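Asker: Sequence:
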Amino acid sequence: MDQATTEQRPYYLRTAVPSDYSFCRKLYIETIFPLLEALDRLDRQRAEAAFKRYFKCNEVSLVIIDDDVVGWIQVSEEAAQINLDQVYLLSSHRNRGLGTLLIRDVMKKAASKGKPLHLSMIKGNPAITLYQRLGFAFCGEDEIKFHMQWE
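In terms of the numbering used here, the numbers along the sequence shown are unbroken and rise by one, the last being 151.
Among the clues, some could well be false.
Pairs of lysine to any residue residues, derived as SDA-like cross-links and limited to a Cα-Cα distance of at most 20 Å, are as follows [what the hints assert, rightly or not]: (1) Lys145 / Thr15; (2) Lys26 / Asp43; (3) Lys109 / Thr15; (4) Lys115 / Asn95; (5) Lys123 / Glu77; (6) Lys56 / Ala137; (7) Lys108 / Leu62; (8) Lys115 / Ala137; (9) Lys113 / Glu77; (10) Lys26 / Pro10; (11) Lys113 / Gln74; (12) Lys145 / Leu62; (13) Lys115 / Asp43; (14) Lys52 / Arg9; (15) Lys123 / Leu62; (16) Lys26 / Arg94; (17) Lys26 / Arg9; (18) Lys123 / Asn95; (19) Lys123 / Glu141.
Distance windows between CB atoms, simulated [stated by the list, open to error]: (20) Asp142 / Val69: 27 to 33 Å; (21) Lys145 / Tyr21: 20 to 26 Å; (22) Gln81 / Leu101: 30 to 36 Å; (23) Arg104 / Arg25: 38 to 44 Å; (24) Glu37 / Leu130: 32 to 38 Å.
Keep in mind that the hints were calculated from the coordinates and are not lab data.
Note that the structure is predicted; figures quoted are calculated from it, not measured.
Even glycine gets a Cβ: it sits at the ideal position worked out from N, Cα and C.
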C-alpha cells in the first residue's frame with residue numbers, strides 16, 4: 001500500500017519490520033480473544049499459531065498518527081482478488097472514522113486493479129456494520145467467521 005500523506009489523511013502507513021511483531025500480536029490478542037470467547041471458541045494455542053502463520057511483514061502496514069503507532073492493517077493480493085486480511089486499531093482510535101478511511105483506501109486499490117475485495121471476520125465483531133455500510137456483501141460463512149466481498 002502506498003504511504004498516505006498527512007495532507008490526504010490523518011495517518012500514514014509504514015511497512016512492518018520484525019520488531020513490530022510484538023505490538024501487532026498484543027493488539028491482535030486484545031481484539032480477537034474476547035470475540036472468540038464470546039463464541040465459546042477460544043483456543044489460545046491455535047489462535048497464537050494462526051497469528052504466527054499469517055503475520056507477514058511484507059503485507060502488514062503500521063497505522064501511524066502524529067508519530068504514534070495506533071494500529072495495523074494487513075492486505076494481500078491474489079490473481080483474482082485482494083484480501084483485507086486484518087485491521088486492528090487501538091481502542092482509543094476506534095469509532096472515530098479511521099477504520100473507514102483505511103478500508104476505503106484498500107477499496108480504491110482493489111477498484112484500480114479491477115479486483116474484488118474479500119475479507120473474513122469473526123462472528124460477533126461489531127465492525128460488521130462498518131463493512132455493510134461500505135457495501136460489502138456476505139458471500140459465505142463457517143462456524144467462526146463470516147466471509148464478505150466488495151466489488
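Asker: Compare the structure with each hint and give your call.
Answerer: Evaluated hints:
1. Lys145 / Thr15: Distance ~27 Å between Lys145 and Thr15 Cα, so the pair is violated.
2. Lys26 / Asp43: 16 Å, holds
3. Lys109 / Thr15: Within the cut-off at roughly 16 Å; holds.
4. Lys115 / Asn95: Violated. Lys115 to Asn95 sits at ~28 Å, over the 20 Å cutoff.
5. Lys123 / Glu77: 24 Å, violated
6. Lys56 / Ala137: 27 Å, violated
7. Lys108 / Leu62: 19 Å, holds
8. Lys115 / Ala137: 15 Å, holds
9. Lys113 / Glu77: Holds: Lys113 and Glu77 sit about 10 Å apart, inside 20 Å.
10. Lys26 / Pro10: At roughly 24 Å apart (the allowed maximum being 20 Å), Pro10 and Lys26 break the hint.
11. Lys113 / Gln74: 18 Å, holds
12. Lys145 / Leu62: The given pair, whose Cα atoms are some 24 Å apart, is violated under the 20 Å limit.
13. Lys115 / Asp43: 34 Å, violated
14. Lys52 / Arg9: 30 Å, violated
15. Lys123 / Leu62: Distance of about 25 Å is beyond 20 Å: violated.
16. Lys26 / Arg94: Distance ~16 Å between Lys26 and Arg94 Cα, so the pair holds.
17. Lys26 / Arg9: Measuring from Cα to Cα gives roughly 25 Å; hence the hint is violated.
18. Lys123 / Asn95: Satisfied, since the Cα-Cα distance of roughly 19 Å is no more than 20 Å.
19. Lys123 / Glu141: 9 Å, holds
20. Asp142 / Val69: 27 to 33 Å: 32 Å, holds
21. Lys145 / Tyr21: 20 to 26 Å: 23 Å, holds
22. Gln81 / Leu101: 30 to 36 Å: 22 Å, violated
23. Arg104 / Arg25: 38 to 44 Å: Violated: the Cβ-Cβ distance is about 26 Å, outside 38 to 44 Å.
24. Glu37 / Leu130: 32 to 38 Å: For Leu130 against Glu37, whose Cβ atoms are near 22 Å apart, the range 32 to 38 Å is violated.
When the structure is compared with the earlier hints, violations turn up for hints 1, 4, 5, 6, 10, 12, 13, 14, 15, 17, 22, 23 and 24 and for no others.
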